[in-house]
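> What follows is the residue order along each chain.
Protein chains: 4
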Amino acid sequence: MAAPDGQAPDKTPEQIAQDVTDTLLAEDAASRMLGIELLEVRPGYARLAMTVRADMLNGFKMMHGGLTFTLADSAFAFACNSHNKMTVAQSCDVDFTNAAKEGDVLTAECREAFLRGRSGVYDVSVTNQDGVVIALFRGKSRTLGQPIVPSLPQADV
Amino acid sequence: MAAPDGQAPDKTPEQIAQDVTDTLLAEDAASRMLGIELLEVRPGYARLAMTVRADMLNGFKMMHGGLTFTLADSAFAFACNSHNKMTVAQSCDVDFTNAAKEGDVLTAECREAFLRGRSGVYDVSVTNQDGVVIALFRGKSRTLGQPIVPSLPQADV
Amino acid sequence: MAAPDGQAPDKTPEQIAQDVTDTLLAEDAASRMLGIELLEVRPGYARLAMTVRADMLNGFKMMHGGLTFTLADSAFAFACNSHNKMTVAQSCDVDFTNAAKEGDVLTAECREAFLRGRSGVYDVSVTNQDGVVIALFRGKSRTLGQPIVPSLPQADV
Amino acid sequence: MAAPDGQAPDKTPEQIAQDVTDTLLAEDAASRMLGIELLEVRPGYARLAMTVRADMLNGFKMMHGGLTFTLADSAFAFACNSHNKMTVAQSCDVDFTNAAKEGDVLTAECREAFLRGRSGVYDVSVTNQDGVVIALFRGKSRTLGQPIVPSLPQADV
Numbered sequence: 319m320a321a322p323d324g325q326a327p328d329k330t331p332e333q334i335a336q337d338v339t340d341t342l343l344a345e346d347a348a349s350r351m352l353g354i355e356l357l358e359v360r361p362g363y364a365r366l367a368m369t370v371r372a373d374m375l376n377g378f379k380m381m382h383g384g385l386t387f388t389l390a391d392s393a394f395a396f397a398c399n400s401h402n403k404m405t406v407a408q409s410c411d412v413d414f415t416n417a418a419k420e421g422d423v424l425t426a427e428c429r430e431a432f433l434r435g436r437s438g439v440y441d442v443s444v445t446n447q448d449g450v451v452i453a454l455f456r457g458k459s460r461t462l463g464q465p466i467v468p469s470l471p472q473a474d475v
Numbered sequence: 319m320a321a322p323d324g325q326a327p328d329k330t331p332e333q334i335a336q337d338v339t340d341t342l343l344a345e346d347a348a349s350r351m352l353g354i355e356l357l358e359v360r361p362g363y364a365r366l367a368m369t370v371r372a373d374m375l376n377g378f379k380m381m382h383g384g385l386t387f388t389l390a391d392s393a394f395a396f397a398c399n400s401h402n403k404m405t406v407a408q409s410c411d412v413d414f415t416n417a418a419k420e421g422d423v424l425t426a427e428c429r430e431a432f433l434r435g436r437s438g439v440y441d442v443s444v445t446n447q448d449g450v451v452i453a454l455f456r457g458k459s460r461t462l463g464q465p466i467v468p469s470l471p472q473a474d475v
Numbered sequence: 319m320a321a322p323d324g325q326a327p328d329k330t331p332e333q334i335a336q337d338v339t340d341t342l343l344a345e346d347a348a349s350r351m352l353g354i355e356l357l358e359v360r361p362g363y364a365r366l367a368m369t370v371r372a373d374m375l376n377g378f379k380m381m382h383g384g385l386t387f388t389l390a391d392s393a394f395a396f397a398c399n400s401h402n403k404m405t406v407a408q409s410c411d412v413d414f415t416n417a418a419k420e421g422d423v424l425t426a427e428c429r430e431a432f433l434r435g436r437s438g439v440y441d442v443s444v445t446n447q448d449g450v451v452i453a454l455f456r457g458k459s460r461t462l463g464q465p466i467v468p469s470l471p472q473a474d475v
Numbered sequence: 319m320a321a322p323d324g325q326a327p328d329k330t331p332e333q334i335a336q337d338v339t340d341t342l343l344a345e346d347a348a349s350r351m352l353g354i355e356l357l358e359v360r361p362g363y364a365r366l367a368m369t370v371r372a373d374m375l376n377g378f379k380m381m382h383g384g385l386t387f388t389l390a391d392s393a394f395a396f397a398c399n400s401h402n403k404m405t406v407a408q409s410c411d412v413d414f415t416n417a418a419k420e421g422d423v424l425t426a427e428c429r430e431a432f433l434r435g436r437s438g439v440y441d442v443s444v445t446n447q448d449g450v451v452i453a454l455f456r457g458k459s460r461t462l463g464q465p466i467v468p469s470l471p472q473a474d475v
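Residue numbers (our numbering), protein chains in the order written: chain W, 319 to 475; chain P, 319 to 475; chain H, 319 to 475; chain V, 319 to 475.
By construction, these hints were calculated from the structure, which means they are not laboratory data. Warning: the hint list may mix true and false statements.
No distinction is drawn between identical chains; accordingly, a pair holds when it is met within one copy or between any pair of copies.
Stated by the list, open to error - Subject to a maximum C-alpha distance of 27 Å in a straight line, what follows is the list of computed DSSO-like cross-link-like pairs (lysine-lysine): (1) Lys403 / Lys379; (2) Lys403 / Lys419; (3) Lys329 / Lys403.
Could you build all of it, start to finish, from the sequences and the hints given here?
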């Protein structure tokens, strides 16, 4: 952890992760449009919730897989940016294991599986209100490096 | 091609693909919410367009990758259901190759790479109005078998 | 757990997993050619080891990624067949996180991440003798159903 | 195309691709162990062949999927290094579409689907002697940059 001169040196990695995520969320119009809610964020970890609305259903009247993916992708974004280094998705894989339906409350939980230099691997599980696994997602990230909140230090990871 | 008794026996595979897609689209609230537009559909093929709106941007003010994925996933859904056999996504991979920004007009083009029995592989490219590749997507499908439009025959593939 | 008439009814799932794996390994010429060694197998779990030999190196004199994948794929095969139902790989994803070199002893550990009906998702990590992660692998399986060892019961999963 | 001082300035990209591949193949003990044969290489493209031997079979007496992957991965390696810039695999996805058996002659054909800066996406199809698709593979590459054959120029891609 390197604190820039004159900056608050005593923020914990947990506080930095929270501040960075609040900053990203304030700008994240897509997550807001979908009603995505932040439940928890820590370094390398994020947990979000989203309720399946009628306007999220596909032609079979089930949750559109793309929007389940979007929830997982948002969890991935918050987890991989939690160290205050701007990081983008390079590629993602998703397995759709069960269908979700209108009214379901989906939770996406993302954990850092690997991080070395600029490359990371993150695993997300999406479950419904009964604990049924809706999707398993794996995201691969690339760190660009600049801080998301310039006034905050960057985690040394 | 097996025509049910008393049904129109003379629809071409192209007409069936169009009718099935029209039926799916009429119910597809998610694609409608995102302004996804059908440009072309044929057996094993679909091409869609979507304009990047302000409410589709992520915390970096770029197109949310999940919504780019959703466009590709819709193209995949229409292509793999074009034979009038209900088919769902099992898993998908996506590579994000360039960022998209507000106002970009994205086109997703999906081709059937492989289909045998109940298993299929479909490739989608998403490009912007300048032909720049935004994402490469590969979807793996599983056919459940029942017709989407019961009054239409099913393609023998 | 359904025991066929006249069969040993008292094998535990752990014993079944071991017997099935021994049966598969006895036939598995490829794993033998590569010196793959079984360390542990349980229902939905397998752990294997392999030493990187000179004849496994690629044009950069590093371990060929395909053979790292093969080790992970063998762990996946033993884990997903451990319930005594013939199961095959449908698709796999692999991330190469660090290079392996001649003389490294690689361990592949596979865990069942999801299993419902005929579809499963398995996660494998490949590490070297220092605990460095060489690859992260995710395998997606399809169960065909027939027993691998007909005299043994099949696990109800 | 930048020719280093005093070096042969008139090699075509096709000749460079051939020279680079010959250099890599001469060191590639793993491809040699598996009997992998180069059929054709061009910038961004490679085609290889391999015969399924008895010592490549898995516990079901079918071709081990890991070795099918290895063939595809070698084709990917030669295609993505064909520009004379050292390039490594970051991640790969594979779909196993049909089983291969002893005596089958497999051909892997790799094409560059995308290349920008240091990131590339390559598609490989593996087919048998009857044209049946055995596997579809997608590899994602990262260019490290140094020349593979220092005396040759590097392609500007």
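> Look at each hint and say if it fits the structure.
Structure-based check of each hint:
no.	hint	result
1	Lys403 / Lys379	between (39 Å within a copy, 16 Å between copies)
2	Lys403 / Lys419	between (36 Å within a copy, 21 Å between copies)
3	Lys329 / Lys403	within (16 Å within a copy, 43 Å between copies)
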